[in-house]
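Asker: Each chain is listed here by its residues.
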Amino acid sequence: EDQVTQSPEALRLQEGESSSLNCSYTVSGLRGLFWYRQDPGKGPEFLFTLYSAGEEKEKERLKATLTKKESFLHITAPKPEDSATYLCAVGRGSQGNLIFGKGTKLSVKP
Amino acid sequence: EAQVTQNPRYLITVTGKKLTVTCSQNMNHEYMSWYRQDPGLGLRQIYYSMNVEVTDKGDVPEGYKVSRKEKRNFPLILESPSPNQTSLYFCASSLSGTEFFGPGTRLTVL
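Those sequence lines, one after another, are chains A and B. Under the numbering used here, think of the first position of the first sequence as 1, with each following residue one higher. Under the numbering used here, think of the first position of the second sequence as 1001, with each following residue one higher.
Since the hints were made in silico from the structure, they are not lab data. All residues carry an ideal CB built from backbone N, CA and C; glycine is no exception. Among the clues, some could well be false.
Computed from the model, here is a short list of chain A residues facing chain B with C-beta under 10 Å [stated by the list, open to error]:
(1) Gln6
(2) Gly32
(3) Gln38
(4) Phe46
(5) Tyr51
(6) Gly103
Within a straight-line C-alpha distance of at most 35 Å, the following computed DSBU-like cross-link-like pairs (lysine-lysine) qualify [to be verified]:
(7) Lys69(A) with Lys102(A)
(8) Lys102(A) with Lys1018(B)
(9) Lys105(A) with Lys1065(B)
(10) Lys1017(B) with Lys102(A)
(11) Lys42(A) with Lys1065(B)
Extracted from the complex, chain B is given alone in its bound form (with noise of 0.2 Å):
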């Protein structure tokens, strides 16, 4: 089944304490990319890649990371979560501009 994973899918954890949320795709998608979603804000972009070593900001990008070192794969990086980042977050991977997203990963930093 053609799809977009995501772990872990809910995660609490504690201002300053790095974590990595995983994303894996299985279609073969060369664009992937990272949004969090926060009531009232709708979506927004953290990051994109549009190949394997090639990543972009998106509209909100600080104090996120990512990397591509293989095509299937996207982490976003939190390297000292703050509270702010509280928020629901969806990976998604593209063919042709049309993107298909995650389960989404609920993270709260406390």
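Bound-form chain A, shown alone (with noise of 0.2 Å):
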């Protein structure tokens, strides 16, 4: 069964203190893992797509890589906007749609 996982649920962070999230994936012929921010009551908003193993992606503070079976959203000196819910989504070969993890809840305090 297709799947995705990502931890923490909840991560609470001190500004400037860097930290990661963890998306881990199973899925029959990946085209692609996604990630989104999510503000409270708004649409995700797209971050960044990854499509092989060792690729990365960088934006601002945040950095995404991919292996072979997890993803990794690295937030670097993270400022208070940052918070947000993070999620994942893997694109799935034949079906052409997106299955999404539960997300984790950042937070960040000055």
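Both chains are sitting in their own frames, so use the hints and assemble them into the complex.
Answerer: If you want it as structure tokens, here you go:
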């Protein structure tokens, strides 16, 4: 069964305290791994797409990496405005649709 | 501005009263989809459409219908809503597997 698991469920950081979020997956025919940011009451906002093991992408304080079984979202020197829920999703080969993890709720305190 | 729009944004209705949530995108995307988001369950796909007149079930299609008569529009139809369909609904459209989400529709079925 295709599955996406994110950990931890919630993470509290002090401003400037770097950390990583994990997304592990089992899927037949991976067609990309996606990271989104979601603020309360709003639609998910696209961050990154990764397609192959070893691939890395960066945007401001965020860096996403991909291995054959998991992806990490590294947050360097976070700021309070980085507080949000971060969602991971995988694209499935033949069906062309996404399956999402339940997300990691990140809180960054000043 | 490239965007996905949904209407209405908020809806309170009663059991059994048919309703339609509209979704429109102005990015000429072929792929569109509907999700529901519930606490503790995350985002789950209801239906998706690869192109005009081509639709398929996602992970939780029971109680929902969709149609895709035009490329830009993908309405979600609840013919006989029930309280367990109370949820936050998101429409999305996709380019090359990356999905872009609308702002959401919060539905309450009494």
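Asker: State for each hint whether it applies.
Answerer: Hints and how they fare:
no., hint, result
1, Gln6, "9 Å, holds"
2, Gly32, "5 Å, holds"
3, Gln38, "9 Å, holds"
4, Phe46, "6 Å, holds"
5, Tyr51, "9 Å, holds"
6, Gly103, "6 Å, holds"
7, Lys69(A) with Lys102(A), "17 Å, holds"
8, Lys102(A) with Lys1018(B), "30 Å, holds"
9, Lys105(A) with Lys1065(B), "32 Å, holds"
10, Lys1017(B) with Lys102(A), "31 Å, holds"
11, Lys42(A) with Lys1065(B), "24 Å, holds"
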